[in-house]
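From first to last, the protein sequence lines are chains A and B. Using the numbering used here, the letters of the first sequence correspond one by one to residues 1 to 345. Using the numbering used here, the letters of the second sequence correspond one by one to residues 1 to 345.
Keep in mind that the hints are not guaranteed to be accurate.
No copy labels: a pair is met if it fits in one copy or bridges any two.
Within a straight-line C-alpha distance of at most 25 Å, the following computed SDA-like cross-link-like pairs (lysine to any residue) qualify [stated by the list, open to error]: (1) 166 / 323; (2) 277 / 184; (3) 90 / 121; (4) 23 / 61; (5) 257 / 136; (6) 117 / 168; (7) 257 / 137.
Hints listed in this document are in silico derivations from the structure and should not be mistaken for laboratory results. Fair warning: this is a prediction, and the values are worked out from it, not measured in the lab.
Number of protein chains: 2
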Amino acid sequence: MRIILDAMGGDNAPLAPVEGAVKAAETLGVDVILSGKPQEIMACLEKLGHKEVPKGIEILPASQVITMEDNPARAFKEKKDSSMTVGLQKLKDGEADAFVSAGSTGALLSAATLMVKRIRGIRRAAMCPVVPTQKGGFVLIDCGATADCTPEYLLQYAFMGTYYAKRTLGLENPRVGLLNIGAEPSKGLPLQLETHALLTQAHQEGRINFIGNIEGREALLGGVDVLVTDGFTGNIFMKTYEGGLLMFSDFMKTMFKSSLSTKLGYLTVKGQVEDFKKIFNPNEIGGTAMVGISKPVIKAHGSSNGYAIYNAICRAKEMAESDLIQDITANIEHMRISGGKTAEE
Amino acid sequence: MRIILDAMGGDNAPLAPVEGAVKAAETLGVDVILSGKPQEIMACLEKLGHKEVPKGIEILPASQVITMEDNPARAFKEKKDSSMTVGLQKLKDGEADAFVSAGSTGALLSAATLMVKRIRGIRRAAMCPVVPTQKGGFVLIDCGATADCTPEYLLQYAFMGTYYAKRTLGLENPRVGLLNIGAEPSKGLPLQLETHALLTQAHQEGRINFIGNIEGREALLGGVDVLVTDGFTGNIFMKTYEGGLLMFSDFMKTMFKSSLSTKLGYLTVKGQVEDFKKIFNPNEIGGTAMVGISKPVIKAHGSSNGYAIYNAICRAKEMAESDLIQDITANIEHMRISGGKTAEE
Chain A
1 MRIILDAMGG DNAPLAPVEG AVKAAETLGV DVILSGKPQE IMACLEKLGH KEVPKGIEIL
61 PASQVITMED NPARAFKEKK DSSMTVGLQK LKDGEADAFV SAGSTGALLS AATLMVKRIR
121 GIRRAAMCPV VPTQKGGFVL IDCGATADCT PEYLLQYAFM GTYYAKRTLG LENPRVGLLN
181 IGAEPSKGLP LQLETHALLT QAHQEGRINF IGNIEGREAL LGGVDVLVTD GFTGNIFMKT
241 YEGGLLMFSD FMKTMFKSSL STKLGYLTVK GQVEDFKKIF NPNEIGGTAM VGISKPVIKA
301 HGSSNGYAIY NAICRAKEMA ESDLIQDITA NIEHMRISGG KTAEE
Chain B
1 MRIILDAMGG DNAPLAPVEG AVKAAETLGV DVILSGKPQE IMACLEKLGH KEVPKGIEIL
61 PASQVITMED NPARAFKEKK DSSMTVGLQK LKDGEADAFV SAGSTGALLS AATLMVKRIR
121 GIRRAAMCPV VPTQKGGFVL IDCGATADCT PEYLLQYAFM GTYYAKRTLG LENPRVGLLN
181 IGAEPSKGLP LQLETHALLT QAHQEGRINF IGNIEGREAL LGGVDVLVTD GFTGNIFMKT
241 YEGGLLMFSD FMKTMFKSSL STKLGYLTVK GQVEDFKKIF NPNEIGGTAM VGISKPVIKA
301 HGSSNGYAIY NAICRAKEMA ESDLIQDITA NIEHMRISGG KTAEE
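Starting from the given sequences, assemble the full structure and let the hints guide the process.
So this is what it looks like as structure tokens:
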């Protein structure tokens, strides 16, 4: 398996990507193709003790870097020799199995959509993170790729999220819930009302396991495996949850550090606290799939360290090895609304 | 001051309301008028050791009870002799200063809007809880009264939230943020884009202290005093935060209870944990104001115990003593969009 990694994307590039790539090549049995500035990549390899390009690593030269200042929709065209554009072109050309980047989310989404293209019939690609909880986590789809959604997009997210949960979390019959402000079918805005009807129909046809509307509270307490929502609401959900987690971890830190006695108290629960922190450490998951693109594309978070990049490469490998894209392609006819709003660019 | 309390509203009625009323009458120097079934109220008073109606308590007879099964929009009309309808009628007639209920939110909102009426010019009343955080909390407006909002509603929420934060939290120049999926003015759906422009204008005119878009994460970490949003998004925000809090408190409980050694560890941080729990205990705040109604109406949560009802009465007293409604009335001309969508029922 060959995975292309944007060596110039993210706050800690190129060192973190190079570090993650070397670890992945050593331990996962994959080849990693680093797209980016050869000299800078070589300098990082040397820093990590490699005087030559190690086995399992290739360098794909690209002289430009897409930054957060570039226009996300046009960056890949304006910087044709960027690490992102060059890497995605190689994926498109069938010379690799997946692409990973910690660069600008918007630029990656635009470039993947317009260069690699969506799966035929898919209206919008979705960002599909696994949200960690104490009960093991669930798939959130979409968390912000498309703010303004139609019911048909959400129907497609429900199918894609189901396949993603089956193929990557190994769930047999994932429970799909629609994020809403109450459990009753009458709750929500017109988007939720119409989506509820579409998901109910897909459930009755035996295509998805729709359990109805669900509130954020119940989702976080283990009530769902696939949480379907528009990108605006999904993003609000995720950022709020993140804020809560940051607040708690800050509280715990302050609490245990306040005196010698609390520091001793900490020692009694150290194991549990470390397990808890590990569950919620974004570096552990590493990457979020852009589901709906015709080839595997993974977004690593911007502040990724080498370990996070390594984990993002693991996600890319899992996705490339899975039948996720085939599942979506084979069932696309059930994800369309006849005569529905097309909204295709 | 005279405060009417719906003695039949909430999961623990009538005992919890009666308990809260007695405590309030004893300690706050207010008269509490209990609307509801006299025999049941008397039985509760006896249970609490009062053979006669104590000083500061009155009973306002009402033979019916609005339940969660009643249609929220019509309940107050269909049950004309309900504790909610009779109590609100008394408020409307000017025979008391505020009304408190732990009954159905939807029924209370409809009844307050249609019987007591909104402040002239206010498009929608908003549910305006104080969201507790480690940094002291902020006002969320709206948390679910109106799911489908126009930019004008949100402009009005920004003003009303500002006055509420000034009058009840004592803040001089509360920072108003618009809940969104990024800080840049270009972020969000058309609702957020248009609202951002309106709030910017109100800020430039010196009427509110608008700090721009804010994400849920930053809001929870202390970045805002008044968080403005539509009722759908506000409800998603609140329920997600609640879910995170529940998950976290569940984690702490399990962690500290897992062995004798962790139980000893708990003793070292007991004080901090109890302070933390107190901050986030919904019974401490007790009630959420329905801001925009022409007289003070407070919703206590459905599962309120006597202490929560007592605190809801405190909130009602604060609101009745404050100049909140006068502030809104005096500034209503600045909260309208000339030629804007009226959307008045």
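Subject >> Hints that the structure is at odds with (numbers, increasing) >> reply: 2
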